[in-house]
Amino acid sequence: MNKTLLLVGILIFAVGTFSLRLAGPLMRTRFELPERAQQVMAAAAVVLLAALVATAALTDGPGAAGIARPAGVLVGGVLAWRKAPFVLVVVAAAATAAGLRLLGVP
Amino acid sequence: MRSIWRTIDPGLLRDIALVCLADGVVGLWYGAISVGGGLDLWVPVLLSLVVFAGASQFLFVGIVAAGGSPIAATIAGLLVNSRHVAFGLAVSDVIGNGWRRPLGSHVMTDENVAFALGQEDLRQKRAAYWVCGIGIFVCWNIGVVIGALAGSVITDTDVFGLDAAFPAVLLALVLPSLRGRKTRTAALAGSVVALAATPFLPAGLPVLLALLGLVFYRSDKPSLEAVR
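As they're listed, the protein sequences go chains A and B.
Counting the first sequence from 1 gives a position; the working numbering is that position plus 10.
Counting the second sequence from 1 gives a position; the working numbering is that position plus 1.
Hint data in this document are derived by calculation from the structure and do not stem from the laboratory.
Because the structure is a prediction, the values reported are computed rather than measured.
Note that beta-carbon positions come from the ideal geometry of N, C-alpha and C, so glycine has one too.
Just to be clear, a hint being listed does not mean it is correct.
[Said to hold, decoys possible] Ranges between beta-carbon positions, derived for each pair:
#1 B:L22 / A:I22: 26 to 34 Å
#2 B:D111 / A:N12: 28 to 36 Å
#3 B:P203 / A:V25: 21 to 29 Å
#4 B:D111 / A:G114: 38 to 46 Å
#5 B:D122 / A:L15: 19 to 27 Å
#6 A:D70 / B:W43: 19 to 27 Å
#7 A:A47 / B:I135: 23 to 31 Å
#8 B:G12 / A:P72: 33 to 41 Å
#9 B:R219 / A:L17: 35 to 43 Å
#10 A:P116 / B:R101: 49 to 57 Å
#11 B:R182 / A:V88: 16 to 24 Å
#12 B:L118 / A:S29: 20 to 28 Å
#13 A:L113 / B:A18: 37 to 45 Å
#14 B:F201 / A:T14: 56 to 64 Å
The whole structure should be built from the sequences, with the hints applied where relevant.
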């Protein structure tokens with residue numbers, strides 16, 4: 011992996027994120043972002059994260075991820091949905107995938 | 002500093018401490034998963050110090066570890082962090098002026114903004130914002146360093162199921178936001194687009210393409226302009 015490009019990416023990411031955070035306090039006048047724009051921004055963040063969940067759970071490179079990993083994510087997801095503690099969600103997901111692989115499931 | 006401790010309610014302080022601790026645990030996993038996914042130790046650690054925005058860091062690391070371009074990862078991460086503009090507008094009084102402004106902006110998170118907005122008067126808002134923000138910054142970064150060190154010991158992440166832990170962590174983080182039907186529809190549509198595009202596009206781009214799912218995002222209230 012190109013380390014310089016990675017470092018440049020991280021620095022742009024850092025400066026950009028800081029600018030986004032500072033933008034609100036800098037616009038000192040009581041300027042309110044339209045509610046609709048706020049909603050869409052919040053939805054965009056959720057859409058991106060959900061898509062990352064889907065691709066990270068179901069794909070590996072250009073192909074499918076097999077069975078063990080999606081099964082682990084499913085178990086973690088159900089636990090999270092039932093409001094289980096965060097640590098349990100993570101451990102159950104990892105343990106399910108690891109256990110299935112131990113049994114020879116891809 | 003003493004006045005901050007006196008201003009803040011013991012019950013609130015306990016809630017903040019729990020949130021800081023929970024974020025430290027997420028940081029632990031973030032560090033372990035990043036290094037386990039093949040990234041050098043400095044990558045998750047530097048990201049946590051200079052970007053300091055959990056969900057977007059997971060996104061960035063996920064795209065880069067899957068072989069995606071750091072630029073695509075940066076764009077995706079910044080889109081996720083765009084919500085901080087709205088946060089900043091909401092808490093600009095709470096953060097204050099002078100040196101507090103850049104420092105207070107950097108420790109802005111979903112959590113401390115929520116805590117600050119939940120308080121009655123400005124003094125309490127300030128106390129909650131700063132204590133929670135600095136607390137999370139410290140816990141998160143310590144968690145990430147420990148996690149990254151532990152992750153570098155593990156050589157085969159698949160054996161330990163760490164590859165399943167990463168999407169599960171994200172799912173747990175995003176699940177509360179999926180309770181709204183419109184957001185859920187958009188997220189589902191976006192995920193389908195991303196999955197369909199994965200065999201054909203370089204890593205990182207399919208996730209960005211998921212934003213097409215926003216076409217399905219409709220506000221339930223008609224906008225004021227439409228009413229007029």
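Verification of the supplied hints:
1. B:L22 / A:I22: 26 to 34 Å: About 32 Å separates the Cβ atoms of L22 of chain B and I22 of chain A, which means 26 to 34 Å holds.
2. B:D111 / A:N12: 28 to 36 Å: Roughly 32 Å apart at Cβ, these two residues keep to the hinted range, so it holds.
3. B:P203 / A:V25: 21 to 29 Å: 25 Å Cβ-Cβ, so the 21 to 29 Å window holds.
4. B:D111 / A:G114: 38 to 46 Å: 41 Å, holds
5. B:D122 / A:L15: 19 to 27 Å: At 48 Å between Cβs, range violated.
6. A:D70 / B:W43: 19 to 27 Å: Check passed, 26 Å falls within 19 to 27 Å.
7. A:A47 / B:I135: 23 to 31 Å: 30 Å, holds
8. B:G12 / A:P72: 33 to 41 Å: 51 Å, violated
9. B:R219 / A:L17: 35 to 43 Å: 41 Å, holds
10. A:P116 / B:R101: 49 to 57 Å: 54 Å, holds
11. B:R182 / A:V88: 16 to 24 Å: Since R182 of chain B and V88 of chain A have Cβ atoms about 20 Å apart, the given range 16 to 24 Å holds.
12. B:L118 / A:S29: 20 to 28 Å: 22 Å, holds
13. A:L113 / B:A18: 37 to 45 Å: 41 Å, holds
14. B:F201 / A:T14: 56 to 64 Å: 28 Å, violated
In this structure, the earlier hints numbered 5, 8, 14 are contradicted, and the remaining ones agree with it.
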